[in-house]
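Trainee: All chains should be built: construct the whole structure from the sequences, respecting the hints.
Chains as they are written, first to last, in this note's numbering: chain H, 1 to 329; chain G, 1 to 329; chain F, 1 to 329; chain V, 1 to 329; chain Y, 1 to 329; chain Z, 1 to 329.
Capping the alpha-carbon separation at 30 Å, the derived lysine-lysine pairs in DSS-like fashion look like this: (1) Y/Lys236 / Z/Lys236; (2) Y/Lys54 / Y/Lys90; (3) V/Lys270 / Y/Lys318; (4) V/Lys188 / Y/Lys151.
Just so you know, the hints here were simulated from the structure itself, not pulled from any lab data.
Number of protein chains: 6
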Amino acid sequence: MKKNIPLSTIRNFKTNEEVRAYLLLKEKHLRLTRDGKPYLDVILSDRSGTIIGKIWEHAGEIEPMIETGAPVGVRAIVEDFRGNKQLNIKRIVPVNEEDFASKGFSWELILPQSESNSDKLWKFIEKSMAKVNDPYLSELLRLLIVDNRSKILKHPASLRLHHATMGGFLEHMTYMLNLGIHAAKQYKLDQELVITGILLHDIGKLDELSGYPNNLYTDEGNFLGHVVMGYNMVDKAIAKIKGFPDDLALKIKHILVSHQGEYENQSPKKPAFPEALLIHYLDEMDARMDMMKTAISQELDDGDWTSIKNYFRIPLYKSQKDNDGTADK
Amino acid sequence: MKKNIPLSTIRNFKTNEEVRAYLLLKEKHLRLTRDGKPYLDVILSDRSGTIIGKIWEHAGEIEPMIETGAPVGVRAIVEDFRGNKQLNIKRIVPVNEEDFASKGFSWELILPQSESNSDKLWKFIEKSMAKVNDPYLSELLRLLIVDNRSKILKHPASLRLHHATMGGFLEHMTYMLNLGIHAAKQYKLDQELVITGILLHDIGKLDELSGYPNNLYTDEGNFLGHVVMGYNMVDKAIAKIKGFPDDLALKIKHILVSHQGEYENQSPKKPAFPEALLIHYLDEMDARMDMMKTAISQELDDGDWTSIKNYFRIPLYKSQKDNDGTADK
Amino acid sequence: MKKNIPLSTIRNFKTNEEVRAYLLLKEKHLRLTRDGKPYLDVILSDRSGTIIGKIWEHAGEIEPMIETGAPVGVRAIVEDFRGNKQLNIKRIVPVNEEDFASKGFSWELILPQSESNSDKLWKFIEKSMAKVNDPYLSELLRLLIVDNRSKILKHPASLRLHHATMGGFLEHMTYMLNLGIHAAKQYKLDQELVITGILLHDIGKLDELSGYPNNLYTDEGNFLGHVVMGYNMVDKAIAKIKGFPDDLALKIKHILVSHQGEYENQSPKKPAFPEALLIHYLDEMDARMDMMKTAISQELDDGDWTSIKNYFRIPLYKSQKDNDGTADK
Amino acid sequence: MKKNIPLSTIRNFKTNEEVRAYLLLKEKHLRLTRDGKPYLDVILSDRSGTIIGKIWEHAGEIEPMIETGAPVGVRAIVEDFRGNKQLNIKRIVPVNEEDFASKGFSWELILPQSESNSDKLWKFIEKSMAKVNDPYLSELLRLLIVDNRSKILKHPASLRLHHATMGGFLEHMTYMLNLGIHAAKQYKLDQELVITGILLHDIGKLDELSGYPNNLYTDEGNFLGHVVMGYNMVDKAIAKIKGFPDDLALKIKHILVSHQGEYENQSPKKPAFPEALLIHYLDEMDARMDMMKTAISQELDDGDWTSIKNYFRIPLYKSQKDNDGTADK
Amino acid sequence: MKKNIPLSTIRNFKTNEEVRAYLLLKEKHLRLTRDGKPYLDVILSDRSGTIIGKIWEHAGEIEPMIETGAPVGVRAIVEDFRGNKQLNIKRIVPVNEEDFASKGFSWELILPQSESNSDKLWKFIEKSMAKVNDPYLSELLRLLIVDNRSKILKHPASLRLHHATMGGFLEHMTYMLNLGIHAAKQYKLDQELVITGILLHDIGKLDELSGYPNNLYTDEGNFLGHVVMGYNMVDKAIAKIKGFPDDLALKIKHILVSHQGEYENQSPKKPAFPEALLIHYLDEMDARMDMMKTAISQELDDGDWTSIKNYFRIPLYKSQKDNDGTADK
Amino acid sequence: MKKNIPLSTIRNFKTNEEVRAYLLLKEKHLRLTRDGKPYLDVILSDRSGTIIGKIWEHAGEIEPMIETGAPVGVRAIVEDFRGNKQLNIKRIVPVNEEDFASKGFSWELILPQSESNSDKLWKFIEKSMAKVNDPYLSELLRLLIVDNRSKILKHPASLRLHHATMGGFLEHMTYMLNLGIHAAKQYKLDQELVITGILLHDIGKLDELSGYPNNLYTDEGNFLGHVVMGYNMVDKAIAKIKGFPDDLALKIKHILVSHQGEYENQSPKKPAFPEALLIHYLDEMDARMDMMKTAISQELDDGDWTSIKNYFRIPLYKSQKDNDGTADK
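Mentor: Here it is, written out as structure tokens:
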């Protein structure tokens, strides 16, 4: 690839420019133009967005060389098609981590990422777990959180709705914990139960979603859902811990099956004690905060207001985009 | 008790008559009349209904002799209080099965009973299980149905809503199976999966409800609910069966977690394949049919129509009470 | 048409192949290319699906020769346009039953068909009607079912939602009857009323929908709907039967006006006695079973799960497609 | 009865006073006091309200002399029981129109009455019908309105919800007509269709409700409802009118089946053209206006606000009770 | 522009014809064809509709000369693109009122207009205000209605939903007043309060919507909404009127905050007295009548029924389009 | 009053004991026993609960001496009436703060109290306000919070739903602030806006509710509601602050009108930027936490579970009653 064009990302592509980027190949389709010439229709993404591309030349030869779900290197002209940007691809090559790391490639370019530093977040998780002195709860966390550390560091918190990024799962837990520990004190709740409940409430998502780079629902996810799967993981882990108190076990399990709060939200139970209720609201609040932030930041049009095509179904006000905590004097 | 008064049941009590009956003591409260004399306020039930009673004499002595949740023998005058019947109790004695069986007592008098013969129903269950040739499903049914036979014979299908009788659980399964086997053929479904799914769909209720004579929600029932509990029972039983195919296991578990059909009905998943959908509808239909039958039969007032105080919130037409299958010429 | 290309159906068309087929012309539009040359844009369907086609040559001459709503014979190249198949039509001719029957044409190729054999289904209807001994109900069925036999054999059960095929009306009645007769016995209901109610519940659809080949709502259908129209047909038929008992007439009419079960489902009444309730649930269950089967079979993409773009709004599991009753050992 | 006590009405009864009134006997129950003495428990009403009464003396002799659903003459002391007024009845006698008319009795005292003068309202109806020049619509109104004149003059517009008074049906039609004629002009609608539609929209209620003095749902009312019944009455009347245009017939029938506006309000169709939509809104508006007026006037407590126990579920402001049109300067 | 082609409007454009029209430029986008040539993609509207256009020649030079939100003169060929009409623009020029008035241009051609004559409507408003004798209400109307006359004459009643035309605000008030004055008499309400309430209920929309030619939500409109804004305007105006009675002020304000009737319709209060309830229903009825009229008149396809793509989600019957009050004989 | 009986509170009353207490007289009704003797029926409350009482002797003389809404001193026997405690009052005297303070009376005994110390809470409010450096926001808080200090210290946060205690308003603000400040940092929001928004979101309640001892809705509260009233208070305060930035003013006002989050919850707008969304969720969470705590603590029956008669409509688990923060090791 021409070295004089700097690497760019989809969000920064400008119409009529030539660009160079590492992208993820989401789909490829070999098609025919009206006059019978083959061309390739592809969908590409990186951490900043998604774009359609066309390869008009040598499509038949290129098609078998690139693989869906794998990264590619692309050089292209950005064109406008019915008001959307589209790539007229001049060159496309398969990419692997070993060979291309030196050429600027990294998975971080391609996959949606939590903004937070995952090591820092994990330290906060560890610090929170250290507050859990109850030996049964502590052992339960070891089995389900500590032992799943590497998976948790990369997992998203949902398919698309909120924190749908590498590390989003970790970020969601951290944010809930941070507020949950303060809230537990304020409402005079069992803080260790609150910490444990927050850390475990979405544990079923580790198996409901396949994780990146694909991040799809697994078969088990489609059949059972993370609420029931997480409950089962907790039930099995508790069974391994000798002497785990029955009452405490029921409380933890109840937090799992009630954390979505309302029946219509696929929650088979509603929260029946204050710790469970708190966790439900923290979960809801953190998810919605992330969804609003994302809805505002993904709107690329000008103007102070987004369109109503977002989860909240209203125009959102965009001018607070620049708040970055500096208001906290 | 006076032998010349025949045993009666609450439904047959007539105002101003003297009656004799074996009843279940649901509540007792020692209270004072305005002039300071103690009396006993009791709630009594049998399989035909519930009634309030007062014991005006010797209340202080009688109170410790009778026990909530246990059967009593009663002789009383039926009085009218604000339009409802009420017992003016002249004599009340504790009763036990051994001593009073010879005097006409049996639990069947007291507890609400399915109208069907439980042995006959169980035979139908066995016949249905015999159609399941798949060795894994067959073994699963052995572990969860056959091994729970004695409990299943007496269990209700719900707390109050439908088939809330001794044997109601069994009756509900039988009715669903009878139609489900025909439906599986008609819709070209996996009949063995349908039979297994019907037999297991409510299995969690064996632990969610304490069963008769008390029939209350257990702690686990309140915390987790029968959907999730049943799923867990199936999951554990499958774990005991070596080589149980994964795909089949997921299907059975999905039937468990989706059988209530709609999220707002505490179903964490909606049915995702035809066998699961069929089981949901059979469950719904059989429950509603039982509820309408009960609503009509429990209305004691005259006239062709019930009041609107029933599950369906409309007046129900009563004149078909006498249909007993004889129309099936 | 070239005889060496075998007749095919839309579902079996493969991109880049040449195909030959009898199709129904749903729409035709004469348009201009950018350089002013006329072309024909057409929509074509057969029993297996729908496809768009273009006629680039002689469009002006061909346009008046082919008629919307009528069958055509087509020879074309299957092309890919934005991921969908599309026909580049080389030859298109009007077709009529007399002349083309010998060349392989039949309406069955073109119109969506119930999978069941209609003669066999009708025999089941006749057998069920024979169980109705009551002379009034029997005469009512003669007037509304027997006398409408030829229409019933071809009618769909709905516009698009369920059993939207030639013979779908018949199939829906048959499936409900098959289960309804068993259910009537089980619940000790008036079996003759159940059979009559099932056969008549949707009778208004014979006039609400125009039937194939067009199958649109009639004016009367749009203004009044099949619930009210069916009630009126039954009311008029009863008026012709001397001595029809009032009570029985009201019950039948109530089944008509309550069969959709819930007010929000355009039902002016909710079922008020068990036979009416049963018919509502059988109707609901059979419709949903057909809709799930159709949603699964119409998904052509690979993978074990459908998209969520179906009536149930969830991914459906496709692997049971092959169940064909063989499980019924 | 003591002649020196003037006739009163329930609304004007004051605690601890002796009163004399003609009332309707709604219910009677012979009961026993705790010490075994019989007494009569009765419910009585007149056009101003409903009250409970007790007859402590000669209850056994009096009981067979008075008849449920018939008028009685009563002399009683007004007592307070748990915050509600109650009659301690000293004398009660059966009453008939012939003998007691001279003693001040009239049905108007007893039955709830529209405030409007029914002759005046009927004249307005006649004037409105005179605007309908179309011979088919005119004949339809003759068959269904003119020929039912005597029934319409006394009929309520609903069981309890709105205009539940003698003459309420007539008042509801009149109020809708008065606004509807202006609205038809304003919106440039077919005024004759609007007038006819308003006059017929609730015609089914003539048979759905039994009318006063009992005013209950008839069997047919319970089974079918006034929407469907009214449609059927119109259908039959149209069948008697030779040459009635099909299109006009469908429009009238559509107004009947759509006038409740929304499916969840038991409307099998929603309004599909402007005249039908207008009639739905006039119906809704007039019903709600009457319900609010009644809710405010029936609240007897002091204070500026009603309780929230009314159809609207909010406190209603009462101070406009005195508005009587005098604001219309 | 060629003088021999008469001015036309979008609704009257016919495929393959050459047309000439004054239109509003809603959007313009400079784009590239596949072979790199610039073209202009524009969206144009007039009072009869909206259309897409392409300018293939001299796009780069034309683009800076025409301005979004301003009127243009256009000469073009009407082409068909995928079943929709589209303009192939041969000539486009900026237009201003002064220079082009003589050439047939007027804003009325371009902006959606109420059908009614605004002077006549305003006279009706003045006549209605004259009925308000209360000096406080009268002064309030002077401040908020009379002083806003010029704005009111041009304002729409909503963004898109109903009366979304120049003068629509005025028309909506007039139609509500016309019926409201009759209704106030009929229901014996405070007529002056009804007139004042109707005139002020939507006053907040003067600031919530920017008005034509752009007619967008203002920032304040997005943040606060017209209900709250109108209440505030009334509150401030009342504060300027010395001695305004408290009770009357609260009633007017309540009408403002309750006029949308139901909480889910963004109404912070529900109507609590009859005048407020009446205004809610008149508002609802007039809005829906306008929406149905518009839905029917905007449907351009043949046939007696519209599609279901309208506010009411049902097919609407179109044949009454020609009713124009002549039925009012 | 007998000095040897210690002062008690309603919650601690035991059946058949004699008690002495200062209570609030909520209602009094002079009634007649069946034999014509007057008695007084009263409703009494203190901070721990509510109880019915009867005064059988000297009722006529006592009635004018005691005043509804004022405190009384009571000596009585606790009796059981149909399962509820009831006072047989032997002595009742009017009480005033001056004379009875020395005899143990204080308002704190009588009115429901927040558990928190109000001075400590106010200090937290002051500390939070000190973080607001923006001079406009700071001045706004001075006008609306600081200047209303004495009212805020005693005000409830709602009529009955949550924090319905003296000081409940203050407690609700404090709890929201405590979490809100942490959350603002976490989500990188404008912390000063969050603090200001929390402090002002319910400011309208100061005028919507009359406060203790009566705590009823004011007329203005009924007509307008606290959302709209609070918005108006803020609007007026801002108008007094010279140079208040428009954008900031709109944001604050939006927080006021959107804080109830959903339209059906009487919110005329939904939150349109993250600070507004956060405040909505903190409000919701804190209210529900208080409601669950109250529902559990008010249940006096034995057993681990409450009944379902609470806001959440499910049995709540009571065993965590003793958690008092000691878990926070």
